[in-house]
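Student: Each chain is listed here by its residues.
Protein chains: 2
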Amino acid sequence: MDEVGIRDVAALAGVSVSTVSNALNRPELVSRKAATRVAEAIAELDYVPNVAARQLRAGRSNAIGMAVLNITNPFFSDVVLGAEEVAEEAGYSVIVGNSYDSVDREARYLSLFEQQRLDGVLIAPVGESIEMLDRFRRRGVPVVLIDRVDTSGVLPSISLDDVLGGRLAAKLLVEGGARHLAFIGGPLRVPQMRERLRGCREIVEAAGARFTFIETSTLNPQLGREIGDRLSALPSGERPDGIFAGNDHVALGVLQSLISHGISVPGEVSIVGYDDIDFASAAVVPLTTVRQPSHDMGGNAARLLLGQLTDRHDPGLRIRFDPVLVTRQTTR
Amino acid sequence: MDEVGIRDVAALAGVSVSTVSNALNRPELVSRKAATRVAEAIAELDYVPNVAARQLRAGRSNAIGMAVLNITNPFFSDVVLGAEEVAEEAGYSVIVGNSYDSVDREARYLSLFEQQRLDGVLIAPVGESIEMLDRFRRRGVPVVLIDRVDTSGVLPSISLDDVLGGRLAAKLLVEGGARHLAFIGGPLRVPQMRERLRGCREIVEAAGARFTFIETSTLNPQLGREIGDRLSALPSGERPDGIFAGNDHVALGVLQSLISHGISVPGEVSIVGYDDIDFASAAVVPLTTVRQPSHDMGGNAARLLLGQLTDRHDPGLRIRFDPVLVTRQTTR
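In order, the protein sequence lines correspond to chains A and B. Once you know that position 160 of the first sequence is 160 in this note's numbering, the rest is easy, because the numbers rise by one and skip nothing. Once you know that position 328 of the second sequence is 660 in this note's numbering, the rest is easy, because the numbers rise by one and skip nothing.
Check each hint, because a few of them may be wrong.
To be verified - Some, not all, of what chain A presents toward chain B, calculated at C-beta under 8 Å:
(1) 63
(2) 77
(3) 81
(4) 84
(5) 96
(6) 279
Hint data in this document are derived by calculation from the structure and do not stem from the laboratory. C-beta atoms are modelled at their ideal positions from N, C-alpha and C, and glycine is treated no differently.
Full structure from sequences and hints, please.
Tutor: What follows is the structure, given as structure tokens:
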């Protein structure tokens, strides 16, 4: 099959090749009418601007933009580190925007990345909408999702089987004798939180145990301490005896609070975290957790992105890691 | 005194006002000869391009670039968070470059920030050279140093009295009975490491105790574990009984290793960290440390930067925090 090229787009749109190029790369130079015709022609021809199109651009930034949910969470800073290592070898810098669980902040970072004509975007998205990301793709700027799968199958991604992760955590707690299990997690607009919840709930229901969902708007140690304080204040009959925390960051706060209130972990309450950050094994009681290979996930995401920048890798490639349970001392 | 303006610079350089503006904001449009004359006129008149000059620019990015030493160190991610909060309120985004203790990487980030015409730069510099930073300042792009003081007095800064921090840590160890004190830190091109070492050494020498300096090229938990393993293998008479770690990140690794080798902390070895990151209090043995107000340092740095963007604050302002010793359970 003949490759659809920029000339075909120009012909169908009835504009010059340089107008198509401008529409892709310097949209501010093109009239709204011309831009619409180009966009329609691109859609009709299913034209994907490629390396050649990108090379038409005046300047390359040699930089990749990376938007993460929370840079203070070591899981994400490890993902960043893994991506940086791979990008650096290929001569690219990575600049990071911390969305901090805010859709607005993420949107501002994406606008900035677009305006700065970065060569590619790595993103752990806050919400589910990937419209903004599609804009990059249409302009030939590759995007790779981290810790998220594009259900429409268009964008490549690096993710983890979070339903399995939820099941592994809950299974360990239930098998250790927990009769009242709590999941601490959120916000629920983040699909991986919903998946961890789903996997956990499945196991708990099958075991006929009691289930409590403590929904949060974010996950950090401070919040973990607050939740731990509330749980500690409950009569022991009302208190969950198994806690699955949405990430290690919040799990460590819960652990710290319970211990400070004289509640034995895992004697009275077992805890499982998620991520296996560096501090999990160094905690007061070393934390049992569901390991995500954060550094490798970042490195593979960068590799997928660079593959699109240098060759023409299949842009639909998805890599899905399986989580691994790391049993330490917060579980029976 | 009359304010020196862009017209004065143009008159002295014998070029038009718009050439001066271009030299400051779009140097690529100006001949080398004209650029040199403008630079000489700016130096002679001691002209500091100000808000008005910046407003001559075609587009504002509404973004601030931030370069930090190691984003996986919670001290720096907290500094970033503090800066983001303040910047966001003023309508600015912060994008982060992780220098990872590399002079080359830092230089690439600074070039990128310059090329992207960011509105300001916050930086915890890797080395001591601030030549590159001076280039921003000459173009009217404000720069604020974090965790570093510009000895020439030109750039504003937010820093901590690290000599005092070193003294506080060593004093606690010596008073707790340590007779052989080790400082783990580096690289020594980072002035705050030299200062912590200096403060520590002063106290140890005054007390007539033995001193060992374990110099490192970076500081992270993995390295801490390796150093801990080496110290654990020593006969107890050769092993330091007081450890002052250059940051909590490395201290937690040392602590974890010693405990895993059955060495009692603080029974046989006392440990003091630096920073008071969130995980310090949640460690196996809660870590005694020298607290840096990371979040406030980031916030204040952003405020100094924004002050220069919106008004004309004294660009030489330096804010120096005093460290506070937080005594927990790794010291006697």
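Student: Each hint should be assessed against the structure and marked as holding or not.
Tutor: Structure-based check of each hint:
1. Taking 8 Å as the C-beta cut-off, the interface hint given for residue 63(A) holds, the closest approach to chain B being about 5 Å.
2. About 4 Å separates the beta-carbon of residue 77(A) from the nearest beta-carbon of chain B, less than 8 Å, and the hint is met.
3. Because the beta carbon of residue 81(A) sits about 6 Å from the nearest beta carbon in chain B, less than 8 Å, this interface hint is met.
4. Hint status for residue 84(A): holds, given a least beta-carbon distance of 6 Å to chain B, under 8 Å.
5. Nearest Cβ of chain B to the Cβ of residue 96(A): about 4 Å, under the 8 Å cut. The hint holds.
6. Restraint check, residue 279(A) versus chain B: the minimum CB separation of about 4 Å is within 8 Å; hint holds.
In summary, the structure agrees with every hint in the numbered list given earlier.
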